[in-house]
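Each chain is listed here by its residues.
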Amino acid sequence: MAEAGKILSPPAGRQKERPDQRLNVIGTRMLRKEDPRFLVGRGHFIDDIELPNMAHAASLRSPHAHARIKSIDAGAARALPGVVCVITGAEAAQETAPLPCFANPSVEQRCLALGKVRHFGEPVALIVADSRYIAEDAAALIRVDYEPLPAVSDMMEAINSRGDAVLHPERGPDNVAEHRNYTFGPVEQEFAAAAHVVKRRLRWSRSGGQPLETAGAVASYDEGSGKFTIHVNGSMYNYIGFTIATALKVPSHQVNIVPADAGGSFGSKLFLHKVSVLAALGARASGRPVKYIEDRIDNITASDNHGSDRTYDVELALDASHRMTALRYRVVDDYGAYFQYGLGTHGNGFSQTVGPYRIRAVGAEIYAVFTNKCQQGACRGFGSEVTNFMIERIVDAAVDELKLDPIAFRHDNFIQPDEFPYQIPTGNLYDSGNYPGALDMAQQMLGYQDWRDKQQAARTKGRYFGIGVASCQEKGVFSATEFWMLNRSPGFALTSSPESASVKIDPTGKAVISLHAPCWGNSPETVAAMVLAEQLTMDPADISITYSDTDHGLPGTGPGGSRYTVMIAGAVTGAAAIIKEKLTRIAGHMLEAASHDLEFRQGKVGVKGAPGLEVSIAEIAMQAHFFRLSLPDDPTLTSGLDASYTYDHPLATLPKGEGDFGIFYPIMGHMCHMPVVEVDAETGQVSFLDYVAVHDCGTMINPMTVDGHVRGGTAQGIGTALLEEFRYDSNGQPLNTSFTDYLLPRVGNVPPQVRIGHLVTPSPYTEYGVKGAGEGGRMVAPPAVISAIEDALRPLGVRIDTVPVTPSRLRALIREAQTGQGR
Amino acid sequence: MTGMDEVEINVTVNGRPFKRRVEPRLLLTDFVRHEIGLTGTHVGCENGVCGACTVLLDGLATRACCTLAVQADGRRIETVESLGRVNNLSPLQRAFWEMHGLQCGYCTPGMLMLMTELLRENPHPDRDTIRARLNDNICRCTGYEDIVNSVERAVELMHAEQRR
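Residue numbers (the numbering used here), protein chains in the order written: chain A, 173 to 995; chain B, 400 to 563.
For reference, chain B alone in the conformation it holds in the complex (with noise of 0.2 Å):
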């Protein structure tokens, strides 16, 4: 990249350390998808509205496509990625699959990374909770109500995993 002084920048994306020099101006989902290559972090409405680039950052969920880059300088970022694998999928993962809590899978990660939040906060949340937090983010195929249940069911899975 041209055109800017570059900037150094220190983050933990996943536990993970990363020393990079960006440019002010680049975008904190632009540094996560393309400078560190973790594209499951994803764009939506580029605005702030839609809540698809949701990370948590510093454990708060965020708007990435409204943060920059070296708002990020010293902070740790999680993404979608911190989750389960594809044959070692998390509770919430897991549930999201049984509850059928996702269709086009493009506003998934952001919905993963605003649940993990919420369910770290409230490990017990009701189906008005659940609601109430969902209201950030827009999922364009599901209708929403698959996702409340894909919440209730990942709190069953993740209490049945503990009591293992």
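Chain A with its partners taken away, still in its complex shape (with noise of 0.2 Å):
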């Protein structure tokens, strides 16, 4: 069992550089690499591929949300001329294995639904055409003769499933997926000793990343040596790529996996599957090149990504002095039809379950159920946005039911910047923080108390006007054991989330940086280029990147979890390191000096002390490239001038058992949302006055970029605070299949200024101190929101206990309030 607390004798880092140092580039706000070519219109996403001779693909899609297939016939599509071929999931199966799944036991997925559908949307039959229109008239000339089930779309429901109703009989008689109790820490004794406890049901609605471009690949078949070549706008290609060609029922090294460009993921590309499979199935079919692009109603249907669909039973324990004690929950989290991560995004909010606070103990019994309905994936936060959720939700409870003040009772709660490295309840380690100085930030910069005192004065009015606040941390940096640990036997318990970087300079001095990982429109190159750019005192235009498929790919994990920029940092330094000291060992020879003697400086290698005694990187890289002759004759000395380093997780450890998972999450980033809103009590409308955010990622690399990050992050929280869910009716039919009625934030939706903080506490177990920002702003955003909707409505006295609170569900609670009615 975990205790929680300081860590008085802390584990060792491997810090090479060092977050005090003076930097060049790093730290600057540097234009990004990657925008002149999205600025002209010439990025490479996957429908930009065009491969000679290529076909496409579009599926059938099961309207059923849980029925059995009788039978297929298809005979009237493959007829239609420009009709390539039609494969059904009975012939799918004949050439692949199910698709991949880290559940452990696993959960049978197929890329074509064989047997059975289980959610609406589902692929039914590939299309392979000439053209995507005629894939799709094709499409709508397959008879299926399908069977209907009883259908399941409520998660209660679901605990109780019997029968035809049940998804996956061979795993057991009722669709819960899994079951478990965890106890972390002195759970019983902290509640039998609480002097108060409080109580909520919330309710975190099922939404997801929705990009704007979907998902999709394009695949070859090269019938003479056997090899497919799959283009994706997915990741983790170089981690787990190798379980795609599992699936085709092909040696790995048969499959070559190249990056596309991604118009945005949000977690919803974290591992593209079955549009690879089909992709690949579909060329290998045909003896073409094939395209399968989802369209918006595939994707919203069928991406294999929604986020978590949770309602929590939450319960805190407060000692009489208002100190939060313990935290116990009871949770049911509708994964809908399948189980590709298994627990996982319960696990990952392990990472962070007592928030930024000194809870000692925490209780959780999770009920994951199957319901017919697209399962869940990847969503930015991986689930700790709800815990993150729930835990500010229940501390606004208890500042409400005690008549607290909301500022105070986080300070007096916080874990305190001289106890770190700390470790929760969980076994996870927090690196370093400093929540008490975000929340003072946050309250200055909003002017907090002049904004109480225009509440007052609005309300005098009759206007609402609400002040939020949101105190959350943004675990950083996975370590894989995250993806098995809640596994009920642990399965392939892998320990591995590494991150590469190759470094070629040429013989000319300019540098191309291989990264292993897709752009995902975060700053990859930028980030690259400027940790290369400070490492070697070089000019970030000199420096270019690429991205390696997965025969020339080395480790690399992929975006994720807030890690991608850690782990680049990281990768990149290790690989200037050996860069350097070949750069230095050759300048060295060049200057007849002593290499602890020589020092980088603009491009260049000089003895200390000695100005203009020197040599650029481009006279060296000459040197390393074609003289030979000329260099010292030792066979470590080989030509050329690259190299490449594996990063690995900074800082982990394995698990100790069920009550201590061990340090799987430790460099953390803290957020400090204050948004002020008006409602408009007669319509449920929600506008926002005013919006601080302060974050605290450690060291940043770009500033701008952090800022980007911290804005579009808000705006997607708000989305899921306001207007986003996936509404499935009582039989899985989904109720919203596009952007008109699955509401994306747009500029009127979100603040016209988020006025940003930076705090800057860095780790001390990363390469310059850089923590994660990718996932924070949607992971602290929710509960922010509600919080200053339900302050705005305090003198109707509502509770706000789901989201999204659209206009209607804030109306009918106001309406509640005020007939008397409710709760």
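Keep in mind the hints are simulated off the structure, nothing from the lab.
Cβ atoms here follow ideal geometry from the backbone N, Cα and C, with glycine treated the same way.
There could be a bad hint or two in this list.
Reference listing, derived: stretches of chain B covered by chain A, where coverage requires no fewer than 3 residues with Cβ under 8 Å from a Cβ of chain A [said to hold, decoys possible]:
| no. | segment |
| --- | --- |
| 1 | 431-437 |
| 2 | 548-559 |
Label-pair distances were calculated between CB atoms; the ranges are [as the list claims (entries may be wrong)]:
| no. | chain 1 | residue 1 | chain 2 | residue 2 | range |
| --- | --- | --- | --- | --- | --- |
| 3 | A | ARG981 | B | PHE417 | 49 to 57 Å |
| 4 | B | ARG424 | A | ALA262 | 26 to 34 Å |
| 5 | A | GLY335 | B | ARG419 | 51 to 59 Å |
| 6 | B | ALA559 | A | PRO807 | 37 to 45 Å |
| 7 | A | ALA251 | B | PRO423 | 20 to 28 Å |
Computed footprint of chain A on chain B, listed as stretches where at least three residues anywhere in the stretch have a Cβ under 8 Å from a Cβ of chain A [to be verified]:
| no. | segment |
| --- | --- |
| 8 | 458-467 |
| 9 | 522-534 |
Build the complex from these two chains, which are given one at a time in their own frames, with help from the hints.
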């Protein structure tokens, strides 16, 4: 069992580059290297890939939420001119294995439904044709005889499903995918001793990343060599890409996966197994390259990447002096029809399950259930954004019930800056932080007291202003143990989550960095170039970036879990160290100076204290590449100037058992958001009067792109709080399958200005002290916004336990409060 | 393509005339992207909500995903490729770069064309005017504020250019 508190003998780190040094490039507002190609419309997105003789595929979607497939008649479709081939689920099953699943025991999912369909939109057949238009025409000609089965839509009903309503009968007699109990610390004792217990039922509805570009793949099959080439806009190909080959039943060296620029992901393109396998299957069957790209309905109903869908019953124990002591919850999570990452999103939440607070014990009962909906995958926060919502909502509930001050209560319960590294009850470690500092900064930036005064004045005029507060964690840099630590038996208990960078300096001194994971809309090229420029004192304009396919790829886990900047910084630093050693060695020879007398300055290597006595990196590179006989006759000094480095997780340990997961997500960022809203009580409309976002991601490589993440993540969190929900009826039919009614935030839905404050608490474990920043905005905005709305409506006694709180939901709550009904 | 009688259309794309035979059902997005080969125009929602496919048709911002290629017959199409080049960005593109008005870049061509229309109509839009027009399109990455800043910056750059 892990005991919460400061760790007195902290684990040794591997940090080589200290945060407190003087830096020239890191920390500057460098314009992004990625941008010019996107600005002129020359990105390489998946639909931009055209191969000679390419055919186009569409899938036939299941119209049923749950049904047996009795027969499929594709005769008319196959006869349509322009159709190349039609593949049914039964035919695909001859040539493919189930899609990758990381739950143990696994849940079988096929690229095309086999025997049964388990959600609306599930692909039933793949049509390959000369054009997408013809493929869709042909899909309409396929006759499928379905025998409808009882559909499960309600997560609570799923627990008690029986008979034909069970989606995966081979796993058991009901639709419970997993039911687990976890106890971290003395939960029972703390509740028994509590002076106050605050309870809430909370509802976090299903939403998703919904990038503007859907998922897709372009595959070709070379019959001569038996090799597939699959272009895809997903990630993790240099990590678990071989599992695509397994699904295609070919050896992994017979599949080369090539990344495309991704038009956004937000988690939803983490690992795109289905589109990859379908395109490859179509290519092998047709003998032509095949493009298969989800349309928006596919993406909404069958992307395999819906976000969490949870109902919490949560209890918070407090002592007589209002210190939070323990948290206990029962959560039911609707995972949809499959279970690709197992309970991963709950394991993720265990990394920060006490938030920024000194809560000593946590009890969690988790029900994961199957329903006839699109399965869950990844969505910005990977479940921890829901944990944050749960914590901050119960904190606000305590503040409300005990009539406390929301600022003072948080201050009194924060882990203090001198308590790091801090171990939380689950065994994870928080590397560093300054939570009171963030709260103070936010309060000051907002002009908190001024807004309280304005709120009072507004109330006298019948207007509802509200000030929200949320203080949340942003776990950064996952260790692979989180993939299996909640499995009933671990299964493939991997412990590596590396990232690599390869650096090559050509004979003229220009550098190319190869990354081994894709461009997802974050700024990997900018980050990699800035770190290398810092290391070698080069001009970032002399550095370009490429993305390795799997044939040439080194271990790369890719963006996700607020890790990529930390990991690229580590990998580039490691590769640069090897390059620097060689540059120094050759420069020493050229300058007849000892290595320890040399320094890097402005793209040159020179003798310390001797201005002008120096050689440029270009001059050294020319020697390294072409003048071997001018260099020392040492077999370890080979021609060329290149290096690859694989950076492993900077700080992780193995789980020690069910009550202690070890260190698995330690690079801990933090956010404090304070929105000010006005609620129109007549319409339920929420508008923003102000918004302050304080973010601490340690050392910033590029403050401009960090700000971009904060603003973008905040907007997405506002969407989660106010607008976004995949709605299904009681028969499992989706009710909103387009952006007409699945509402993404528009400019009118977000604050005109998000005023950003940066607190810099560097990590003692990562290079330069960098922490992750990609998820933070979405991980804090929902509780902050809901807190503000509740604060606005306090005179009416409105309590908000459900997101999204759409105008109609908010109106219903106001109406209930005004008519004295409710709760 | 097969299945329907093709129709001849004559369009001007970014100043160049094109004569093509197309199916009447061919969408303007597919025409521009796959028949003409200008892949800067993107497809997002496919039903006119997000605006990633925005092009100018006779100068008016138009959802190319909800327009048929035959509807463009005899008309003038402008796409993102009509703006600057990588080494010679237009003021609007330059401003998006300077102010971090894009992240993944997928909505960007649509945003640029929408704002091109606005700036032709009104070379001095204030923030509210920019926001009002920007409400037509969706960006999933930026939270919009940096796009508004970009358009304000573009106004500055355009006027600086005119003064030169």
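Inset, instruction - Please test the hint of 49 to 57 Å on the beta carbon pair from ARG981 (chain A) and PHE417 (chain B). - result: holds, 50 Å
Legend entry - Coverage claim, chain A over the segment 522-534 of chain B, checked by counting residues with Cβ within 8 Å (three needed): holds (count 4)
Inset, instruction - For GLY335 (chain A) and ARG419 (chain B), compare the CB-CB distance with the range 51 to 59 Å and indicate the outcome. - result: At 57 Å between Cβs, range holds.
Inset, instruction - Take the C-beta atom of ARG424 (chain B) and the C-beta atom of ALA262 (chain A), compute their distance, and say whether it sits inside 26 to 34 Å. - result: The hinted range 26 to 34 Å holds for ARG424 (chain B) and ALA262 (chain A), with Cβ atoms some 32 Å apart.
Inset, instruction - Report holds or violated for chain A covering the segment 431-437 of chain B, Cβ cut-off 8 Å, minimum 3 residues. - result: The restraint on the segment 431-437 of chain B holds, since 3 of its residues have a Cβ under 8 Å from chain A and three suffice.
Legend entry - Whether the CB-CB distance between ALA559 (chain B) and PRO807 (chain A) falls inside 37 to 45 Å: Violated - the Cβ-Cβ distance for ALA559 (chain B) and PRO807 (chain A), about 59 Å, lies outside 37 to 45 Å.
Inset, instruction - Count residues of the segment 458-467 of chain B with a Cβ under 8 Å from any Cβ of chain A, then say if the count reaches three. - result: violated (count 0)
Inset, instruction - Indicate whether the distance between the beta carbons of ALA251 (chain A) and PRO423 (chain B) respects the range 20 to 28 Å. - result: holds, 23 Å
Legend entry - Check of the segment 548-559 of chain B against chain A for coverage (Cβ-Cβ below 8 Å, three residues minimum): violated (count 0)
The structure is inconsistent with the numbered hints 2, 6 and 8, although it conforms to all the rest.
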